[in-house]
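Chemist: In order, the protein sequence lines correspond to chains A and B.
Residue numbers for the first sequence follow our numbering, beginning at 1 and rising by one.
Residue numbers for the second sequence follow our numbering, beginning at 1 and rising by one.
Just so you know, the hints here were simulated from the structure itself, not pulled from any lab data.
This one's a predicted model, so the numbers in the text were calculated from it and none came from an experiment.
One or more hints might be untrue.
Pair by pair, the computed Cβ-Cβ distance ranges are [unchecked claim]: (1) A:G237 with B:V205: 49 to 57 Å; (2) A:W175 with B:L42: 19 to 27 Å; (3) A:W83 with B:I49: 51 to 59 Å; (4) A:I123 with B:N263: 25 to 33 Å; (5) A:D325 with B:R132: 37 to 45 Å.
Sample of chain B residues at the chain A side, in silico, Cβ under 8 Å [to be verified]: (6) L147; (7) V258; (8) L288.
Pulled from the structure, derived: some chain A residues nowhere near chain B, Cβ distances all over 10 Å [what the hints assert, rightly or not]: (9) Q87; (10) L166; (11) V259.
Just so you know, even glycine gets a beta-carbon here, dropped at the ideal spot from N, CA and C.
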Amino acid sequence: MRDYVIRRLLQGGVLLVVLSVAVFILLRIAPGADPAIIKCGLGCTEERLEAIREDLGLNNPYFPISIESSAPVVSFNGTNQYWTWIQELFSGSLGLDWNQEPVGDELKARLPATVELLIITIIVTVLLGVPFGIISAVYRNSPTDYGVRLGAILGLAIPNFWLATLVILIPIQMWGYAPPLIKTISFFDNPWDNLRQFVPPALVLGAVSAAGVMRLTRSSMLEVMRQDFIRTARSKGLKERIVIGRHALKNSVIPVVTVLGLQIAGLLGGAVIVETVFNIQGVGFYFLGALVRKDYQVVQTLTVYIGAIVIMLNLMVDILYAWLDPRIRYS
Amino acid sequence: MEATSATLTDAFELQPKVGAWRRTGLLIRDNPLAFFGVLVVLVLAIAAIFAPLIAPYPPDELATGPRNADPTWGHLFGTEDLGRDMFSRVVFGARISLIVGFSAVIFGTVIGTVMGISSGYAGGIVDTMVQRTVDLAIAFPALLLLLILRQVLGPSVQTLIIAIGIAIIFPITRIVRGAVLSERNNQYVEAARALGASTPRILFVHIAPNIAALSIVIATTLLGTAILAEAALAFLGLGIPEGQEFLGSPAVTWGKDVSRARNSFPVHIWWAFFPGLAITLTVLGFNLLGDGLRDIFDPRLRGRL
Numbered sequence: 001m002r003d004y005v006i007r008r009l010l011q012g013g014v015l016l017v018v019l020s021v022a023v024f025i026l027l028r029i030a031p032g033a034d035p036a037i038i039k040c041g042l043g044c045t046e047e048r049l050e051a052i053r054e055d056l057g058l059n060n061p062y063f064p065i066s067i068e069s070s071a072p073v074v075s076f077n078g079t080n081q082y083w084t085w086i087q088e089l090f091s092g093s094l095g096l097d098w099n100q101e102p103v104g105d106e107l108k109a110r111l112p113a114t115v116e117l118l119i120i121t122i123i124v125t126v127l128l129g130v131p132f133g134i135i136s137a138v139y140r141n142s143p144t145d146y147g148v149r150l151g152a153i154l155g156l157a158i159p160n161f162w163l164a165t166l167v168i169l170i171p172i173q174m175w176g177y178a179p180p181l182i183k184t185i186s187f188f189d190n191p192w193d194n195l196r197q198f199v200p201p202a203l204v205l206g207a208v209s210a211a212g213v214m215r216l217t218r219s220s221m222l223e224v225m226r227q228d229f230i231r232t233a234r235s236k237g238l239k240e241r242i243v244i245g246r247h248a249l250k251n252s253v254i255p256v257v258t259v260l261g262l263q264i265a266g267l268l269g270g271a272v273i274v275e276t277v278f279n280i281q282g283v284g285f286y287f288l289g290a291l292v293r294k295d296y297q298v299v300q301t302l303t304v305y306i307g308a309i310v311i312m313l314n315l316m317v318d319i320l321y322a323w324l325d326p327r328i329r330y331s
Numbered sequence: 001m002e003a004t005s006a007t008l009t010d011a012f013e014l015q016p017k018v019g020a021w022r023r024t025g026l027l028i029r030d031n032p033l034a035f036f037g038v039l040v041v042l043v044l045a046i047a048a049i050f051a052p053l054i055a056p057y058p059p060d061e062l063a064t065g066p067r068n069a070d071p072t073w074g075h076l077f078g079t080e081d082l083g084r085d086m087f088s089r090v091v092f093g094a095r096i097s098l099i100v101g102f103s104a105v106i107f108g109t110v111i112g113t114v115m116g117i118s119s120g121y122a123g124g125i126v127d128t129m130v131q132r133t134v135d136l137a138i139a140f141p142a143l144l145l146l147l148i149l150r151q152v153l154g155p156s157v158q159t160l161i162i163a164i165g166i167a168i169i170f171p172i173t174r175i176v177r178g179a180v181l182s183e184r185n186n187q188y189v190e191a192a193r194a195l196g197a198s199t200p201r202i203l204f205v206h207i208a209p210n211i212a213a214l215s216i217v218i219a220t221t222l223l224g225t226a227i228l229a230e231a232a233l234a235f236l237g238l239g240i241p242e243g244q245e246f247l248g249s250p251a252v253t254w255g256k257d258v259s260r261a262r263n264s265f266p267v268h269i270w271w272a273f274f275p276g277l278a279i280t281l282t283v284l285g286f287n288l289l290g291d292g293l294r295d296i297f298d299p300r301l302r303g304r305l
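Based on the provided sequences and hints, a complete structural model is requested.
Modeler: This is the structure in C-alpha cells:
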C-alpha cells in the first residue's frame, strides 16, 4: 500500500509538470491578443505596449534552455518566464496578475466563498442522493421508487444555469424577494445574509449532482441486496432495518464514494456557472474572467493547482476504497 | 444426428411469428420511457429540419407583438424584450442544439473508440502513451481549450463542435479500453487467433461488434451532455455570437436566450422559462433513449441504473 501511494504521487507529480508545460505553451502560442495588448486597451501606443510587456515580463525567453537554428544553437537563460513562474507557484504571492496584484491575495480573498459553496453543495448532494437512493432500492418498483427515479432523471437533464436563473427570477417576480447579490458576504460577518446568499446556489448545484449519486446508490444497493450474505443475514432472523443499515448500506457506499470524489472535480466546473449567476466573487468567477482576458499568470497557476487537487482527490478515493473494502489490494 | 437437427429446425419453426407492428408494440410496452425519448427526439428533429415552416415568424423579426408579453395564442411562448416571438426562437434554437450535439458526439465517439480499442488491444507502450495522454487531457481545463480554439478558428458552430467533441474523446477512450481489456481474454478471441485471424480482423470483426453496443449507449447518453455543454457555453457568452448566420437563418441558441432573460429588467420569467424547458426536454429525451438502448443491448442492467 505504501509503495502504491508513493508511486501514484510520483506519477501525479510527473503529470503536473507536463500539465504546467502544456498550459504554459498553449497560452502563449494561441493567436490573438496577449495580456499586454488587452491591458493596454484602446488608443494603445507602441511604447506603452512595450513598457507593459516589460513590466509583465513577457519579453523574457520562455524556457531555461532555448534551441535556435542559428549559433549559439543551445543557450541557457537565467531569467525566463517558465522558471520564474514555477518559483512563484511555491511562493506565497503566486506572482502578479495583469493588474500587478498578487494572485495569492486575490485567491485568499475568493477561496472562502468557493469552499463554502462546495461544502454546502456536497452536504446537499449526500443528504439528498444517498437516502433517496436507499429508499428507492428498498421499495423497488413501488410508486415511491418511480417518483424518486423520475426526479433523478429530471435532475440529470436540467441545465444548472437555467435552474439557477429560475431560482433567482421566480422569487423576484412572485414575492419581490432577492438574495443579496451585490457583494459576497462572509459567514463570520453576517451568518444570516451569508446563508441567504450561499444556500440557493448550493441547492442548485447539489440538486443536479444528487441525481447522479441517487441513481448510483440505488443500483449499487440493489446489487448488494442480491448477495448471499444478505440472505444469510435475513435467515439468521435479523431485523430488516439492521440488514439494510448495517450489512447492505456499508457495502453499497463504496462506488458512491468514488463518484462523490470524482464529482467534486466536476463541481468546480459547475461553480463557474453558479458563481456567475449568483454573482459570488469566488474562484470560478475569477478563473472565467482570467480565461477571457488571457491572464497568463492566473490561468496557468489555477490550472496547475486544480490539476493537483483533482489528482489528490483521485488518490484519496482509491485509498478510501481499499479501506472500505479490504478485498481490494493495490500492488 | 439427423434426428437432432430435425428437432432443432422444428423448435425454431415453432416459435410464434411476431409481426413488425406487434413487435414494436411490445417494445413500447416494455420501455415506455424510451418510447417517450424517441418521441421527444422525433419532435425535435422535425422542429429543426422544418423550422422555417413551423415558426410563425423569422427568429430575429423585431416587434412581432408587444414586448415582454406573456404566452398568448398569437405568441405561444410569449415575446422577449425586443418583441421577437419566443416560440419561433425556440423552434430555430433546436437546429444549433441538435447539430452541435450530434456532430460533437459522432466526432468524439469515433476517435475515442478507435483510441480505446488500439490502447486496450495493443497494450504495452501504446497503451501507456494513450492512457497518460488521457490523464493529461482530463486534467486540462476544457474552457481554456475552447477559448484557444475560438481564437484559432473564430467563434462558430464548427469551433463548438470540435471543442465539445475533443472533450468527449477521453472519457470514451477510457470506457472502451476497459471493455476491450475484458473482451480480449474471452475464448472467442482465443479461438479466432488459433484459427489464424490477423490482429485487424480480430479487432474489427470479432471485438468491435461486441463493443459497438456499448459505444452506442454511451454516445446516446453523451448527446445529452454535449447539448448541455453547448447551452452552458452559450449562456456564458462563449457560444455562437449574435447575428451569425446558420443554415440560412440567424443563429439562435437556447442558452443565450436564457442568459439574456436573466439580465432582463423588468423580470420576465416566461422568456427564461421556454428555452430552458426546451434544453431540459431535449436532454431528457436523449437520456431516456440511452437508458432504453442500454436495456435492449444489455438486459442484465435493466432497471438497475
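Chemist: Each hint should be assessed against the structure and marked as holding or not.
Modeler: Checked hints:
Restraint check, G237 (chain A) to V205 (chain B): a C-beta distance of roughly 55 Å satisfies the suggested window 49 to 57 Å. Take W175 (chain A) and L42 (chain B): their Cβ atoms lie about 40 Å apart, and the range 19 to 27 Å is violated. Range check, W83 (chain A) to I49 (chain B): about 56 Å between beta-carbon atoms, so the 51 to 59 Å window is met. Separated by about 30 Å at the C-beta atoms, I123 (chain A) and N263 (chain B) satisfy the suggested range of 25 to 33 Å.
Look at D325 (chain A) against R132 (chain B): about 27 Å separates their beta carbons, and that is not inside 37 to 45 Å. Given the 8 Å rule on beta carbons, the hint for L147 (chain B) holds: about 5 Å separates it from the nearest Cβ of chain A. The interface hint given for V258 (chain B) is met, as the beta carbon of that residue sits about 5 Å from the closest beta carbon of chain A, less than 8 Å. Satisfaction of the interface hint for L288 (chain B) is found here, the shortest Cβ-Cβ separation to chain A being roughly 7 Å, below the 8 Å cut-off.
Against the 10 Å criterion, Q87 (chain A) stays outside the reach of chain B, whose nearest CB is about 22 Å from its own CB. For L166 (chain A), the requirement that its beta carbon stay farther than 10 Å from each beta carbon of chain B is not met, with the minimum near 7 Å. The Cβ of V259 (chain A) lies farther than 10 Å from every Cβ of chain B, with a closest approach of about 12 Å, so its non-interface assignment holds.
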